[in-house]
Every structure is written in structure tokens, then in C-alpha cells.
Amino acid sequence: MAFLVRKINIEQWPKGTNKDFTCIENLSADTIIKEFNTSGNALSLWKIENESEIKEIGASFTSRFKTKQAVFRLILFPYELIDKNFQLEHTPKNADTAIRKFRNCHYDMCNLTYGSLGLLASIITKYTTDTELKDKYIKKIDVKESLQIIDAYRLDKEVDENLLGRYVKKELGLETDKDREIADLENKLKKLTKSK
Amino acid sequence: MLGEVLLAGMFSVIPVSHHANATRKYEIQTAIFSSRGYENFIPEELYFPEEGNKLLQMESKTSTQKNFNNNSDKLLTAFKCLISDLRIGFDEEIDYFDFLFNLSEEEDYNSFLWQANLDGNLKVCSAISIFLSQKDYSAITAQEENFIIAMLKSGNVQIQSIALTAILNWDEVSDINYLKSIKIDNDFLQEDLTEFIEHKA
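Line order of the protein sequences matches chains S and L.
If you count the first sequence from 1, position 107 lands on 107 in the working numbering, and the numbers rise without skipping.
If you count the second sequence from 1, position 138 lands on 1138 in the working numbering, and the numbers rise without skipping.
A couple of the hints might just be wrong.
[To be verified] Derived lysine-lysine pairs resembling BS3-like cross-links, with alpha carbons at most 30 angstroms apart:
(1) LYS169/S x LYS1153/L
(2) LYS157/S x LYS169/S
(3) LYS1180/L x LYS144/S
(4) LYS134/S x LYS1180/L
(5) LYS144/S x LYS47/S
(6) LYS134/S x LYS1200/L
(7) LYS93/S x LYS1200/L
(8) LYS101/S x LYS170/S
(9) LYS7/S x LYS1153/L
(10) LYS1180/L x LYS139/S
(11) LYS178/S x LYS139/S
None of these hints come from the bench; they were simulated from the model.
Turn these sequences into a full structure, and let the hints steer you where they fit.
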């Protein structure tokens, strides 16, 4: 069964057993704003063919991390559910990942409106407030495992090292003289900006 | 070619509104200096970080305890000004790290943490917690660990989430038993905390 996957700020959503949130009108404004940071009325999604690929796609997210984060969570939407209710566009060019293999998995949920975001919010709320659905559709990713996966892809020449996030480069020992030179130049530029 | 690459790298990390940020940083430096009694500073002094550091060093030697809390209040206000212009998020360029890193080497730092905890401003507490979450546990002081524990007990799920991230990133804590008494009102985060406690026990 295929899924569309997104990173989720789980702390923003109603807790697992809270039944006061059966109506999405009760969702906080912060939840909507922070979770649905749309650009061009679109949201980014990644397609996996089955659940066993979740750690791999987790590594795809991790590859762009600039800062340290031990764990994060992904939400899985059944592909058919999203395809039936939203406008999907296959957009490998918009894929924000350093692992080449996963660029082809990228989709945009397009032409989103107040109504369609509300529908998406109601699906997420349903998943986060139901114990069974929570276990099925929300998955924890261990960043240490992700780093190992990224390193394996790197050895297979599947990683665009220039696109790796600063944190990932540091963890994999891939910081180059050029990276350090750029950091020095950034600092110099900051000082110049201050002196103007 | 290399020059182009370097320039591209440089500009890719400079926020679009860097002029506004530069102005804001000027205001913050002003606040820092005035918090140390330099109300009548010569503005040009602020443009020369090395000179500024000399002034700070000189001042720190003669720093009086009577203005201690007053200073950290002003530093807190300056920090609020800084982060009001910046977005906070793990994937964002985190400009306020410089401010906190420099401040962490000042003697007012512990008092600043204490004031920030008392003040309880969501953005301030989140920003400090994110900063601390990026440090290795070996570099964390007792006051910094106490700050994160206080955040974990704050009752605000958003701040608790960041504080928990710090502890998970450190993969260490001085009193694991104390964590057992802390409850987080979010199943996912509570599960992470419980797993960490079990893993460490």
C-alpha cells in the first residue's frame, strides 16, 4: 500500500487521548500556521510504495538538517485518500533532499485553500487522537539511524554532498576546507554589515 | 569560479532583511552596553567589536553585584528584541546563536538564564532551549541543565518539546530519577521521555 509522507510537528497537535478535538474549529491557530507553512498554495509530500520504506525516507529528510535533532516524526497518509481528495502534482524538481534516489518520490499538494487545509487538518487530528490510527500512521525516526543510511547512500555515490545539511556534514566528518572558508567569509561579511 | 561558489554560499545564508537585522543588532548592542552602564556611549564604539570587547572586559572586572539582576533584565529585553525579528525553528538559520554564545561567556549569563526562566516568555525560553539543545552535554553547565529541566516542567507542550529535544540530543542527564516525576501532556512526547528514562535506567 502506497503512502504520502510528511514531517509533522507532533507537539502542536491534540494529544492522543483528547476527545475535545473531534471538531477542527478547536485547533489552535499556532498549530495551523506552524504545520501548514505553505508556499505557492502547495505542501510538500513524499511517496513511498510501502511502510517498510519509512526509515529510508526519514533519512531523506535528515539529509538536509542544519541543526541537531535526535528524533522526529513523520505522518503517513494513504496515497489513495490524498489523491482522491486533493490535487497532487509530481514535482521531483522541488525535492529538498541530498539523496538523489528520493527526488523522484516528491509530490506537491497543489492549489490548497482554507477548505482543503481544513480537511487535511481533520485527517491529521483523527490520526493523532486515535490510539490505533496513531500507531499506524505516525512514525518516529531516529536520526542516528538516518545518518547511517545517508552514509551508506554516500558510499554508493547516491548523495549530493553539497546539499547535505551543516549538521549532517559535521556528523559524517564531511566538512571541507571550502565549508570552513565560507563560514569565515560569512563572519567577515557580518562584521562588514555592522560597520556600515 | 571558486569566487562565484563562495559568493553564492555567502549570500545564501544572509537573510533578505539583513539591513533590518543589522539595525536591530545595533539596537541590541546598544542595550547591552547601556545595561553595563554605558548610557552615554559613543556610537562608533559599537562598530568595532574588538574595542567593544575591551570595554566589556574592563567593565566586567569592576562589575558590581548591586546591578546584577538589573543587568540581566536589560539583557533579557535586548534578547527579546532580537528574537522578535527572527523565526525560530530547527530548519531556520539561527542568528541568535551568536548572541547567546557570546553571552554564555559573560558573568551575567547565569543570572540571565534565571531571569529568562522567571519571565517565562515563550519565544525567549524556546530560543535558549534550542541553543542549549545544540551543545554537547560535556559543555553544559549545571545552571544550563537546570534551565532545561525547568522548561521540561513548564507545562507548555511547545517548550517541553524543545527541552526534551535538548535532553535527547545530549543523551545524558545528571539525575535520571528526577525525570520520572515529570509529566508531559502529550502522548508522543511522554513516550519519548519514558523511553529515554528506560534506556538510561
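* Asked: Which of the numbered hints above does this structure break?
  -> Hints 1, 7 and 11 not satisfied by this model.
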